[in-house]
Structure formats: structure tokens, C-alpha cells
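Okay, here's what each chain looks like letter by letter:
Protein chains: 2
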Amino acid sequence: MQFEFDVATRLVELGDHRYCGEIQSGWDINGNANGGYLLALLGRAMRTTAGRIDPISITAHYLAPGRTGPIAVETSIVKQGRQLVTVAGSICQGDREILRALGTFGDIAGSTSSFQYLTKQPPEVPPFAECLLRRPNQTESIVGLVERLDIALHPRDSAYFETGQRSGQAKMAGWFSFGDSRPSDTLSLLLAIDAFPPPVFNIDIPPGWVPTVELTAHIFGVPAPGPLRCQFVTEVAQHGYFQEDGEIWDSSGQLVAQSRQLALLPRG
Amino acid sequence: MQFEFDVATRLVELGDHRYCGEIQSGWDINGNANGGYLLALLGRAMRTTAGRIDPISITAHYLAPGRTGPIAVETSIVKQGRQLVTVAGSICQGDREILRALGTFGDIAGSTSSFQYLTKQPPEVPPFAECLLRRPNQTESIVGLVERLDIALHPRDSAYFETGQRSGQAKMAGWFSFGDSRPSDTLSLLLAIDAFPPPVFNIDIPPGWVPTVELTAHIFGVPAPGPLRCQFVTEVAQHGYFQEDGEIWDSSGQLVAQSRQLALLPRG
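Chains L and H, in that order, are what the protein sequence lines are. The first sequence: position 44 = 44 (the working numbering), numbered continuously. The second sequence: position 35 = 1035 (the working numbering), numbered continuously.
If we strip away everything but chain L, and leave its shape as in the complex, we get:
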């Protein structure tokens, strides 16, 4: 059996670090391919070029919306190190570039370092069954992504989608897992970090689309089996921009990923 995510990120190698693939339907938000899905697609090509399994640090700049249909992916090795390999990558659709990325890849499980320091706690989230599972009919817009994923929101964060009431705090927390039970790995973390509704939906921003300009993910561990505990927070919005920090924890209590993105406020 093939999991949906693996089919949706399948690429054909053309040689010379070039690939072709397809943005599949059902990974979109109102017709625009989800930013995390696009990052995972490009990340899969880049890690193949790198010959290293884990995207230790990857940054993408979002240039244009991605639509269902064929894509061309180009990658190149920036630096071939012994431990780490840095790769540049790009997705084009038709004659338009939609995503440009830069990433450094390695092998987290192969690390021999035993030093650990952690000042954060996993976010407080009620058990999966007590959270609100996002489903297409619970929002007015058509969100393809929520048919593929089991995103269960903290009841407080879900208020906006249920009642139209905003919590007043730019935070979204909850659980992430695949609808078809695909296990998480360091590639699918790139999808997870952009799969939740923007936390600014919980504050009184002008209504509208909040396009991502840039997203950086740092992967700190290989996720253990089970749903992922996720939290996304916006700390600052000003001059037309806002940031959003994400963190993903696995079922063993390990912080497996951090993310930060910069996005545009609606022009209101």
C-alpha cells in the first residue's frame, strides 16, 4: 500500500539533479497548494540530491501560488560536506517559478552527540478525542488539506471556526496525523509545520488571504510513532508583516521541529 503523502510527493529523476512531478489535488486551501506540501515536495527532491535523509534546516521563499498539475524541479549542490550537504532548489510550474529554497541536509539518527538542553515544555493540548477534528463542512471555505489530514484543534483555538468568536490570542495548538495513518518522518514534518490555520485568525486582523513570504524549518529529531503535538504562535505583526513560530513534539515528548515564517497581513 502506498500512503497518500508519498504518492503526492513522488518525483521522477531526470538526471543532472532535475526532477519532474505533480502538484496533486486535495492538498490545497481553496485551490492554492498548501505551503507545507510544496515545501515537502521540494524537500524530497533536495534530500535526494543531497544524499542525506533529514532536512536539518530548510528555508523557502514563496513566489506564486501552486496549482494542481505538473511541475519541474531543479536542484543543485551548494556544498558537499562530510556530514552536511547544502542544496538549492526550485519548483517551476509552466514558465513561472513558484518556490525557491535553500537547505542543509544531514542524518539526525546518525548523530553521536549526547549533549541535550531543552528549556521548552510540550504545549498543553487536551487529548486528541477532546480536540475538534477539522473537517471540510466545519468551515465555509473548501479546504482540501483537511480531507487528507487529521488536524484536531485545541477547543479554545477552534472557537473561531465553530462560532466565529476569536480567542484574542494569536495561538493555534492541536494534533497532527495523516488520515491514512502514514507514520511521520522528517520529510512529513515539513508538511505539518504549515498545516494548521494561521494563529492570526484568532485575533482581529482585517479579513483576507495571508500569503507566506518565507518559511524556515529546523528539524531536531526523528518523530516517534503517534500523533504530533503542534503549536503555532504569532508574537509580532506590524508594518504589514507578521511572523509565526511553530513547534512540533512527538509522542515521546521530544521536540522534533521548530519553524518560523513571515507572512503578509491582509491589506484590509
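Mixed in with the good hints, there may be bad ones.
Straight-line distance between alpha carbons at most 25 Å, and here's what the computed PhoX-like set of lysine-lysine pairs gives [said to hold, decoys possible]:
1. K1120/H x K1171/H
2. K1079/H x K120/L
3. K120/L x K171/L
4. K171/L x K1120/H
5. K79/L x K1079/H
6. K1171/H x K120/L
FYI, nobody ran anything at the bench for these hints, they're computed from the structure.
Starting from the known structure of chain L, fit chain H onto it as the hints suggest.
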């Protein structure tokens, strides 16, 4: 009069978005050019190519140490938008690429958005005069950078440099200003975000060099005149990597920059 920082980031345009310049002495840490200085050098080239003044979001991957001497800088426009311009950039020294970057540039002061949201407070730092001004003779190593900059550390953070005692908390806070009183702008924020000692020096990591793999800066405002209040914190170190989050506040209480970098723990 020319300020040192402006001289040290001077570039000659060669056409076709190529530049030549020089890594100047005195912006190093034990002979390796400071990562923030390199980012400012490349950022200056990239913003020239972009035709936009402010590095809204810039990410660099550090490939090799930079040494005093000539450099070649190549840039290219990834996307020319109406408001934002995305640019790729690279610094080569001899036949070796030392820095690769991707950034989106804009004009913060030209923003017409009045929406603001901020949940953070400026870090608690004693007045400049009560902080410990870093000077070359206060450390055992030769740090060229501290001759150019007035970095005044929170007394608690300074303990390691004074007495060899670590605070036990991976935090560094204090003030940043130029020794020759150059005003801060959005370009020099790229220097400031990597000018402090790593906060992990305050915890019991194995001794050694902590090379930056990747650094991302987000610029949220044009700094008002006066010293900058800065704080750098590491929240997670594991599997041989650690992250470091920075924030810079200006004298008017405005958050002007956030940064996050990923670096390597000493192999110890």
C-alpha cells in the same frame, strides 16, 4: 566622514548583478570573519540588486570561514514583485564559496498598514553604563569585532567572561552600538544579530567552536537612533545541533528584528 561599517561593506558593481569587495580586518573572531558582518556584506549587494532598501527576510547558509581579503559577490533576481523583490546571493573567496543566501527585500517605512500586534516585552537589561562593555583584554581570545562595536553585556551574562562561571541559562542580553557612533539601519541589524557571544557559552557545553549552519533574520522596523537592546536565547540543543533566537529592540521600544540560527555543538 565615513563610518567603519560602511567602508567595511563597500562593494564595487561590476554589472550583471555582480560585485567585488573585501572582507576587512577587525570584523573577525579569532581570524574568522563574523557571520553577521558577512551577512551584512552580502545583504548590501542583494538589496542593491533588489532595488529595495530593507531585508524583510534573509537566510544565509554558512559554507566556509571568511578571511580578510578580496571577495566576489554574485546575485540574481528570483522574483521581481511590485512590493517585494526576492534575490539570491553568494560570496566567493578565491575558488571557494563561503556564503549562500536567499532574501526578500521591501520598504518598511513605505508601509501603509497600521495594524499592530505584539505580545513580547523588551528584554530586561540594566542601563548601558551598568553593563559590562566587551573589550579585547577581557577575553583570552582575540576578538577583532569588539574593537569596532560597543557590546555591553548584562552583568549576569558577563559572568563567564569575567570569572569563568556560567550562569547555567543559555541567554545573552545587552546593548549594541557602533564604536564610531554610526546610526543603526536595517542593514546593520544584520550585523547586530550575530555580534553577541553565543548564549550557549552560559551553559556547560563541551568547549570549542560553534559554527553557524544557517541564520535567518526578519526585519520588522527601521531602528530609531540610540543603542539597541538585544537578547539571544537558546531553547534547544540536541543531536549535535542547537538553535538560537535573537531579538533586537530600538530606543523607542519597537521590536526591529528577530533572528534564528542553527549551529553545531562542539564535538567535545
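These are the hints, each one checked on the structure:
| no. | hint | in the structure |
| --- | --- | --- |
| 1 | K1120/H x K1171/H | holds, 16 Å |
| 2 | K1079/H x K120/L | violated, 37 Å |
| 3 | K120/L x K171/L | holds, 16 Å |
| 4 | K171/L x K1120/H | holds, 14 Å |
| 5 | K79/L x K1079/H | holds, 24 Å |
| 6 | K1171/H x K120/L | holds, 14 Å |
Of the hints listed earlier, the one the structure fails to meet is number 2.
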